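Which chain is which? The protein sequence lines are L and W, in order.
When the letters of the first sequence are read in order and numbered with this note's numbering, they come out as residues 1 to 416.
When the letters of the second sequence are read in order and numbered with this note's numbering, they come out as residues 1001 to 1416.
Please keep in mind that the hints were generated in silico from the structure rather than gathered at the bench.
None of the values given here were measured: they were computed from a predicted structure.
Idealized CB from N, CA, C, for every residue including glycine.
Below, a list of computed lysine-lysine pairs in the DSBU-like style, where the Cα atoms sit at most 35 Å apart:
{"#": "1", "chain 1": "L", "residue 1": "K138", "chain 2": "W", "residue 2": "K1095"}
{"#": "2", "chain 1": "W", "residue 1": "K1282", "chain 2": "L", "residue 2": "K5"}
{"#": "3", "chain 1": "L", "residue 1": "K363", "chain 2": "W", "residue 2": "K1278"}
{"#": "4", "chain 1": "L", "residue 1": "K48", "chain 2": "W", "residue 2": "K1082"}
{"#": "5", "chain 1": "L", "residue 1": "K5", "chain 2": "W", "residue 2": "K1172"}
{"#": "6", "chain 1": "W", "residue 1": "K1338", "chain 2": "L", "residue 2": "K172"}
{"#": "7", "chain 1": "W", "residue 1": "K1095", "chain 2": "L", "residue 2": "K87"}
{"#": "8", "chain 1": "W", "residue 1": "K1394", "chain 2": "W", "residue 2": "K1138"}
{"#": "9", "chain 1": "W", "residue 1": "K1087", "chain 2": "L", "residue 2": "K95"}
{"#": "10", "chain 1": "W", "residue 1": "K1282", "chain 2": "L", "residue 2": "K363"}
{"#": "11", "chain 1": "L", "residue 1": "K278", "chain 2": "W", "residue 2": "K1005"}
{"#": "12", "chain 1": "L", "residue 1": "K363", "chain 2": "W", "residue 2": "K1172"}
{"#": "13", "chain 1": "W", "residue 1": "K1082", "chain 2": "L", "residue 2": "K5"}
Label pairs and their computed distance ranges (CB to CB):
{"#": "14", "chain 1": "W", "residue 1": "G1279", "chain 2": "L", "residue 2": "R144", "range": "38 to 48 Å"}
{"#": "15", "chain 1": "L", "residue 1": "K226", "chain 2": "W", "residue 2": "A1271", "range": "49 to 59 Å"}
{"#": "16", "chain 1": "L", "residue 1": "G65", "chain 2": "W", "residue 2": "K1394", "range": "31 to 41 Å"}
{"#": "17", "chain 1": "L", "residue 1": "L11", "chain 2": "W", "residue 2": "K1238", "range": "57 to 67 Å"}
{"#": "18", "chain 1": "L", "residue 1": "R359", "chain 2": "W", "residue 2": "A1271", "range": "22 to 32 Å"}
{"#": "19", "chain 1": "W", "residue 1": "E1280", "chain 2": "L", "residue 2": "D55", "range": "39 to 49 Å"}
{"#": "20", "chain 1": "W", "residue 1": "T1329", "chain 2": "L", "residue 2": "I182", "range": "34 to 44 Å"}
{"#": "21", "chain 1": "W", "residue 1": "A1346", "chain 2": "L", "residue 2": "G65", "range": "17 to 27 Å"}
{"#": "22", "chain 1": "L", "residue 1": "E280", "chain 2": "W", "residue 2": "R1356", "range": "16 to 26 Å"}
{"#": "23", "chain 1": "L", "residue 1": "K5", "chain 2": "W", "residue 2": "D1342", "range": "37 to 47 Å"}
{"#": "24", "chain 1": "L", "residue 1": "K350", "chain 2": "W", "residue 2": "G1416", "range": "25 to 35 Å"}
{"#": "25", "chain 1": "W", "residue 1": "N1103", "chain 2": "L", "residue 2": "V14", "range": "25 to 35 Å"}
{"#": "26", "chain 1": "L", "residue 1": "K384", "chain 2": "W", "residue 2": "A1271", "range": "44 to 54 Å"}
Which bits of chain L does chain W cover? Going by a derived footprint, with three or more residues having C-beta under 8 Å, they are:
{"#": "27", "stretch": "6-19"}
{"#": "28", "stretch": "32-43"}
{"#": "29", "stretch": "62-69"}
{"#": "30", "stretch": "72-81"}
{"#": "31", "stretch": "95-101"}
{"#": "32", "stretch": "115-123"}
{"#": "33", "stretch": "135-141"}
Listed below, chain by chain, are the residues.
Protein chains: 2
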Amino acid sequence: MYWTKDFIPTLRQVPQEAETISHQLMLRAALVRMLMAGVYTYLPLGLKVLNNIEDIIRQEMELAGARELLLPALQPLELWAKTGRDKLLGEVMIKFTDRRGRNICLGPTHEEVITDLASNYISSYRQLPLVLYQIQTKFRDEIRPRFGLVRSCEFVMKDAYSFDADQEGLDKNYQAMLQAYIAVFRRCGLKVLVVEADSGVMGGSVSHEFMVPAKDGEDTVFACLKCNQALAYKEGKKENCPKCNSAMEKINTLEIGHIFQLGTKYSDSLAANFLDAKGEQKPVIMGCYGIGVSRLIPAIIEQNNDKDGIIWPVEVAPYQVIVSALDVTDENIMEKAKEVYDSLSASGIKVLFDDRDERAGVKFKDADLLGVPVLVVIGRDSVKNNTIELKLRKDKEKIIGSKEEVLEKIKGFLNG
Amino acid sequence: MYWTKDFIPTLRQVPQEAETISHQLMLRAALVRMLMAGVYTYLPLGLKVLNNIEDIIRQEMELAGARELLLPALQPLELWAKTGRDKLLGEVMIKFTDRRGRNICLGPTHEEVITDLASNYISSYRQLPLVLYQIQTKFRDEIRPRFGLVRSCEFVMKDAYSFDADQEGLDKNYQAMLQAYIAVFRRCGLKVLVVEADSGVMGGSVSHEFMVPAKDGEDTVFACLKCNQALAYKEGKKENCPKCNSAMEKINTLEIGHIFQLGTKYSDSLAANFLDAKGEQKPVIMGCYGIGVSRLIPAIIEQNNDKDGIIWPVEVAPYQVIVSALDVTDENIMEKAKEVYDSLSASGIKVLFDDRDERAGVKFKDADLLGVPVLVVIGRDSVKNNTIELKLRKDKEKIIGSKEEVLEKIKGFLNG
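Next comes chain L alone, as it looks inside the complex:
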């Protein structure tokens, strides 16, 4: 893609509205724009990152045996009355009465809807296990939306639901999901802490949270900095690491995922039953598994940045390479730059061609800010010496070589 044909309105100044580093960088690097507090537009670069994260999640969910569907945002409130969660969620749930007099809510989560769907489909143990997931936009009436995509009123979640005939099946699906989560976060370039957690409004027993250490995170855990172990924080308690016995520190974290063994809480309330091998009717045993998809973007940025901007992990980067022509008025430079751009694009690499009529300093600053993993610089020297210059965003390592050498180097780097 040519920069001049893309829509990348980067900002020089740090916008006043943004307190955290991730929020500042998301605005400056043209990933999102605020429409109103807690509500954001994804600009092309932000949408590309979101799509990359979604693709990673889809791949790992399918590997874990989950099948994708898409549930509605509009939900009948009467379904929530059956589990009593309409009252439990309270004012955070957006509700309205439509012209036909129906009481409707915008789903802040989908346990009721999926259990209702499953109850209409599952009749026999032969149809179990079943794991379904969706990547969908959810709504919450947040009294205090903040930190950009961290706490917003409209956000993207991945929610998966498992249906099993017995606890053994649930344990198996739960473990498969836990492993899938670890794979997703690793591919997103995130270091996470896995914490045994309280089930809260979801109900059920066993539960794990996935936490990213973050200075402005709203959650706290006890973390062992030596062996990456973590425990739920309890006021006034001191704990030692159960693994290495070092003292644990209280740190701020950002919750990016949460998985629950629900048991029969929802299947009991919504009559999701099946006949077992003996012909006896039993409630299906459920688990649910959430990832804050849009929240992963600020989480990744919090862990992957320096004073100059974002440093995208390769798999989530909006582009993999920027080819920067330092003087667009010089025909020789432009010809060489286009040649490199075409070669990289032909190899299936996602390349942004900085063809803007801007000073080299502006181009370098924007490249650092955007955080694309590889920068290829084509200037006067490239034409004179028939070489091109490569710079890796992460460690600012520079390599100068022939076109062929540099292309090989890039392919090697991107394939890890």
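For chain L, the structure is supplied; the task is to place chain W on it using the hints.
Okay, now just chain W, sitting in the frame of chain L:
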């Protein structure tokens, strides 16, 4: 994908709620399920079709020079007050007041939001032309939702917006979009009528509608059945085809796309101005371009079905091939079927493996109902004669040949 590991709850009976053929087939072929009137869940097959349509649209939009972003569903009502459209849209717009006292609506369309975004970005003619689009979920409080995804309260739209410095630029973008629309609908297997139309609540002058002839369509046009020409219907008028002079017939249609030259209606109201080459301030000239993405599914089915089920055009089909093992208790049949499934999958073809322990009759009926373009049948004869049988869904043409012959035939057919 193995059928037993997928989630394809087909229905034998025609559900009472469904009046039109597309609605009946969408429910029976396990594409969607109703949550409440006007609100639907996409099951895995329906979501695959939706994604295929979205991919086609993305490809044609990018070719036409449009860049993708994602605007929020939640919108501040004060933005709509500036164009006066809050009153114009009236009760069809879902509105609520949040806990912070903000008046918010669920966007039934996005002209106000995108013009507001553009006004913050565009300052000079050098930034024009700019074309942006999104594929996004929209909400309407329909008093009479019906025909499944045809008129629903929650639906997916593609909306694009062009920003130009002058009418000449708008004409060029408008033409590019019109051609992109024709390409999208052709690839979706749709025969469409293009009709000059009224601009309605959008405002502006030139406008075209894209119509699919459909028995239960809510719109009407004059159509020339000889040369595919169409004109807006006017009560009490008789018209002759402007092209071939034949008499025109009044037919029912389903609107699937609508494009508008908006001019400066929105840029005037929302102060979206730019400085031209002479340094004079002018309002940007806009166009907007909509496709009813989720509505395309019933439109495609209305035009592509027979008494046995759906006949998917290749590019939108949820799977391209079904491999059907007629007796899953026969090891030789299963081995051969898996071999064919693996070969096809390895070629990048999307294959569904019918590994259900069901009678051959059930499998054939479901294959016809699902409408996957190619069916490969592996039964006792296949093992005995070392052949496999291929059946095309569209014309029910049968071919029996060696595995190699049939695989070549399939690849040839799928590549058109």
